[in-house]
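**Student:** Here are the chains, one letter per residue:
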Amino acid sequence: MSDVRNLSKVRVRYFKTGKAKYISHLDLQATMQRAFLRSGFTLKYSEGFNPHPHISVALPLPVGVESDCELMDIIIEKSNLNDKASGFGIDNFLPEGLTIQKAYQPMRKFSAIKWVEILCSAVCGNFGIINAEKIKETLNGRFGRKSLIIEKKSKSGIRSFDISGHIREISVQISKLGADANFAGLDMQNEKDGMDFVLTVRAKISAQEPTVNCNDIISIINLNEDKDCQDMPLFENFQFKRIEIYDKDMVLFT
Amino acid sequence: MEKIERILQKVQKPARYVGGEYNQTIKDKDKVKIRAALCFPDTYEIGMSNLGMRILYGIFNNIEDVWCERVFAPWPDMESQLRESNISLYGLESHDALSEFDIIAFSIGYELSYTNVLNMLDLAGIPVRSADRDESHPIVIAGGACCYNPEPLTDFIDLFVIGEGEEAAVELIDLFRSNKASQSKTEKQSKPNSQNKQIKREKQEFLKKASELAGIYVPSQNDVSTRVIQKRTVKDLDNAYFPTKTIVPSMSIVHDRAVLELFRGCIRGCKFCAAGHTGSPRRIRSPNVLIRQAMESIESSGYDEIALLSLSTSDYPYLDELCDGLLKWCEPKKINLSLPSLRADSFNVNLMRRVQSTRKSGLTFAPEAGTQRLRDYINKKITEDELLGACASAFAGGWNTIKLYFMLGLPSETNEDVTAIAELSHKVLDVWRDNTNNKKRGVRITVSTSCFIPKPHTPFEREPQISMNEYLKRVELLRKSIKSKQISYNWHSPEQGFVEAALSRADKKLGKVIETAWHMGARFDSWSEYFSLKTWLGAFSKCGIDPDEYATRKRTDSEELPWSFIVTRGACDE
Ligand code: SF4
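So the protein sequences, as listed, match chains A and B.
To convert, note that position 178 of the first sequence is 917 in this note's numbering; the numbers rise steadily by one, no gaps.
To convert, note that position 359 of the second sequence is 380 in this note's numbering; the numbers rise steadily by one, no gaps.
Everything labelled a hint here was simulated from the structure, so no lab data went into it.
These figures come from a predicted structure and were not determined experimentally.
Any given hint might turn out to be false.
Each computed EDC-like pair below joins lysine to aspartate or glutamate, with the alpha-carbon atoms no more than 20 Å apart [as the list claims (entries may be wrong)]:
#1 B:Lys24 <-> A:Asp986
#2 B:Lys266 <-> A:Asp830
#3 A:Lys848 <-> A:Glu948
#4 B:Lys256 <-> B:Asp336
#5 B:Lys54 <-> B:Glu121
#6 B:Lys34 <-> A:Asp766
#7 A:Lys783 <-> B:Glu320
#8 B:Lys355 <-> A:Glu786
#9 B:Lys34 <-> A:Glu805
#10 B:Lys31 <-> A:Glu805
#11 B:Lys34 <-> A:Glu948
#12 B:Lys354 <-> A:Glu786
#13 B:Lys48 <-> A:Glu835
#14 B:Lys266 <-> A:Glu835
#15 B:Lys24 <-> B:Glu121
#16 A:Lys783 <-> B:Glu352
#17 A:Lys915 <-> B:Glu23
#18 B:Lys230 <-> B:Asp257
#19 A:Lys783 <-> B:Asp336
#20 A:Lys783 <-> A:Asp812
#21 B:Lys292 <-> B:Glu521
#22 B:Lys50 <-> A:Glu948
#23 A:Lys980 <-> B:Glu26
#24 B:Lys355 <-> B:Asp345
#25 B:Lys31 <-> A:Glu975
#26 B:Lys355 <-> A:Glu816
#27 B:Lys24 <-> A:Glu975
#28 A:Lys980 <-> B:Glu23
#29 B:Lys354 <-> A:Glu816
#30 B:Lys555 <-> B:Glu521
Distance windows between CB atoms, simulated [unchecked claim]:
#31 B:Ser109 <-> A:Pro801: 56 to 64 Å
#32 A:Ser899 <-> B:Ser509: 41 to 49 Å
#33 B:Gly290 <-> A:Lys748: 55 to 63 Å
#34 A:Pro949 <-> B:Val310: 37 to 45 Å
#35 B:Glu23 <-> A:Asn961: 16 to 24 Å
#36 A:Met846 <-> B:Leu72: 44 to 52 Å
#37 A:Glu890 <-> B:Glu156: 51 to 59 Å
#38 A:Asp901 <-> B:Ser469: 20 to 28 Å
#39 B:Glu317 <-> A:Ser785: 23 to 31 Å
Every residue, glycine too, gets a C-beta built ideally from N, C-alpha and C.
The following block holds chain A by itself, in its conformation from the complex:
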């Protein structure tokens, strides 16, 4: 971790996992601001009627989604770190689930972010025989189509959106809940005793212009009216996690 004590604009990369995934984008700003203030940093405030510190978070993260790769820029007026703090030293001042990975001087603007790698998991809600290979095949087929129209809900109503081309490098896995091995390929009995099947989809999705969001992924997985697989089960309890962010050339964005 480089010594950032004397920098003014600082980029912070942090985890937002566990209980912290429920902190909304709006509340995160205040939460971070307070953590910086109690850790001894003096933040730079905007001028004007109602001064507020400069904190900007890249790519709003929906409530309930975890992330290993959050980025945030802050402007520090001057450092008055006390001796206790080493390096960036604010971890002890953060709520559970927020952890700083590194802090550095930013070189690029957030607008250069293009792709986000995500991990999506869901539980199969149906009971009975499940053919994991078939499900994989169906989903790979869906994600690979030349044109994949989904419906997107926005404030102005529902509109159709061709999502193909905005999702890349998809990999689909099916496993038994709690099991390490990948059971794909076997016919498996989905039992009522609480043993569920877990679907895992890993993909790189377009982060901005256009923004592909979690609901879009859900609607592809649960594309019920689709005729490509007669006994495609319904998945539920979707969980999402951001893993990494990239620029338009699929180079890690830092």
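Given the coordinates of chain A, work out where chain B with the ligand should sit on it, guided by the hints.
**Tutor:** Below, chain B with the ligand without anything else, positioned relative to chain A:
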């Protein structure tokens, strides 16, 4: 946790239900001896804004072998998810079910949260009535402003703490611990098959001994026809615990700032005011202690605002000195001071200008009544000149939003008193015209009225509330008397006030009504979107009880009042 996670995906504001905030207390549950759940019968945002909750949380957790967690009322969407998935209400810190705790302590500040108390017990799988609970259930205790009349809750609560709870809390924990130790000793000595009986004695013994403590009311033990209960009062605020290192929520709450408690009690004695009469005597915290607490609170929380809290802030004798000290430290750090509940009659505009320099929020004054006669009668000693003078300085100082609060239905109120509210607000408007530097910006004067609610332990405790119809008539009269478009008039609906009036002066019989209303779906009654007068009237009639007996009936001087066994006068009262 996994079961909880699943339902959290389906509710609004899941951050209310997870804990994990900065400064929460986590202990090893195998190492602590006593687990307490501090429950607030309203949302997270309101409960976390409550200073009493933070004080008790700190006091309990400062005791080494006690782990105290927080529990708030789940919003109806979360309630249905909990019920559907069969998940018990749980402590935010450990996510363990409430039934695993030793003590469940409710802080009850307003009557319209009673149904939430019952609902929270039920969501924890704990029978709501004390009589239906056995030794396996936690002890259910209650404190807070509502407990100055505990009678309507005696069916549900095992033990009440009357008055300020911080000292009693420690005494109760000590008693609980020693009682447990002595009971397990006798248990060891006795035969194994009598174990159940022994455990049974543990809770009973505790309640019996607790009923002998000062300020503690145990309905099953104390015969209140022969004994009075003197409320508890903390004498020395400078040495009392104050939570400077406290939880910082990760979501916005109602009072999202650090607080200082300047003093407790109030010297004004307005006749309608329960807080003023039950909180006496006034006890002051020294300015140097407050300044130290301010620095500690800001440094440990990272808040950028600090509020000076107390019933009537301008009555703090060292207000200037305190503000000087605070501002010197706060201004360079860009920390705002906020001064709620300032009186118009001792309004110091220079102070306000300095304090609110960065935030020209609206000003609020509460003359409560329109005529001098009625203000004098209710002991709200503010003159029209003082009020208008305060408004003049405020307008000259650049403010252009003023809120004025009044009550309708105060004892002895006439139509003249009602129309005088309109006249007074027109005079405020004239004062604005004469004093503002910026007529173009306009002015917003908001007049608000609510229906007077007679409260126990006040000089008006025997007075009737006016009927809902009568209130609406007076609202109409006032509405017609306000002629200017620059004055807007909001009135609170009288329906919640009517039920609150009945519950405030309730006796034991109303426990049945509260339970029935809860069964019929009453929840979050203090939220207008959930309050249903129909439900409450239905509950009253099902129980064969007339709510007007409680709300709108005048008590004669000879009538024994249900709360008369509670003594709220402080030891050093004049
Ligand atoms: S209304 Fe305010 S000033 Fe009057 S007694 Fe109550 S707290 Fe004191």
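**Student:** The structure should be examined with respect to each hint, and the outcome stated for every one.
**Tutor:** Results for each hint:
no., hint, verdict
1, B:Lys24 <-> A:Asp986, "violated (37 Å)"
2, B:Lys266 <-> A:Asp830, "holds (17 Å)"
3, A:Lys848 <-> A:Glu948, "holds (15 Å)"
4, B:Lys256 <-> B:Asp336, "holds (19 Å)"
5, B:Lys54 <-> B:Glu121, "holds (12 Å)"
6, B:Lys34 <-> A:Asp766, "holds (11 Å)"
7, A:Lys783 <-> B:Glu320, "holds (17 Å)"
8, B:Lys355 <-> A:Glu786, "holds (12 Å)"
9, B:Lys34 <-> A:Glu805, "holds (16 Å)"
10, B:Lys31 <-> A:Glu805, "holds (16 Å)"
11, B:Lys34 <-> A:Glu948, "violated (28 Å)"
12, B:Lys354 <-> A:Glu786, "holds (14 Å)"
13, B:Lys48 <-> A:Glu835, "holds (15 Å)"
14, B:Lys266 <-> A:Glu835, "holds (17 Å)"
15, B:Lys24 <-> B:Glu121, "holds (18 Å)"
16, A:Lys783 <-> B:Glu352, "holds (14 Å)"
17, A:Lys915 <-> B:Glu23, "holds (16 Å)"
18, B:Lys230 <-> B:Asp257, "violated (27 Å)"
19, A:Lys783 <-> B:Asp336, "violated (37 Å)"
20, A:Lys783 <-> A:Asp812, "holds (12 Å)"
21, B:Lys292 <-> B:Glu521, "holds (18 Å)"
22, B:Lys50 <-> A:Glu948, "violated (49 Å)"
23, A:Lys980 <-> B:Glu26, "holds (14 Å)"
24, B:Lys355 <-> B:Asp345, "holds (15 Å)"
25, B:Lys31 <-> A:Glu975, "holds (11 Å)"
26, B:Lys355 <-> A:Glu816, "holds (13 Å)"
27, B:Lys24 <-> A:Glu975, "holds (14 Å)"
28, A:Lys980 <-> B:Glu23, "holds (16 Å)"
29, B:Lys354 <-> A:Glu816, "holds (12 Å)"
30, B:Lys555 <-> B:Glu521, "holds (14 Å)"
31, B:Ser109 <-> A:Pro801: 56 to 64 Å, "violated (28 Å)"
32, A:Ser899 <-> B:Ser509: 41 to 49 Å, "holds (46 Å)"
33, B:Gly290 <-> A:Lys748: 55 to 63 Å, "holds (57 Å)"
34, A:Pro949 <-> B:Val310: 37 to 45 Å, "violated (58 Å)"
35, B:Glu23 <-> A:Asn961: 16 to 24 Å, "holds (21 Å)"
36, A:Met846 <-> B:Leu72: 44 to 52 Å, "holds (47 Å)"
37, A:Glu890 <-> B:Glu156: 51 to 59 Å, "holds (57 Å)"
38, A:Asp901 <-> B:Ser469: 20 to 28 Å, "violated (54 Å)"
39, B:Glu317 <-> A:Ser785: 23 to 31 Å, "holds (28 Å)"
In summary, the numbered hints that this structure violates are 1, 11, 18, 19, 22, 31, 34, 38.
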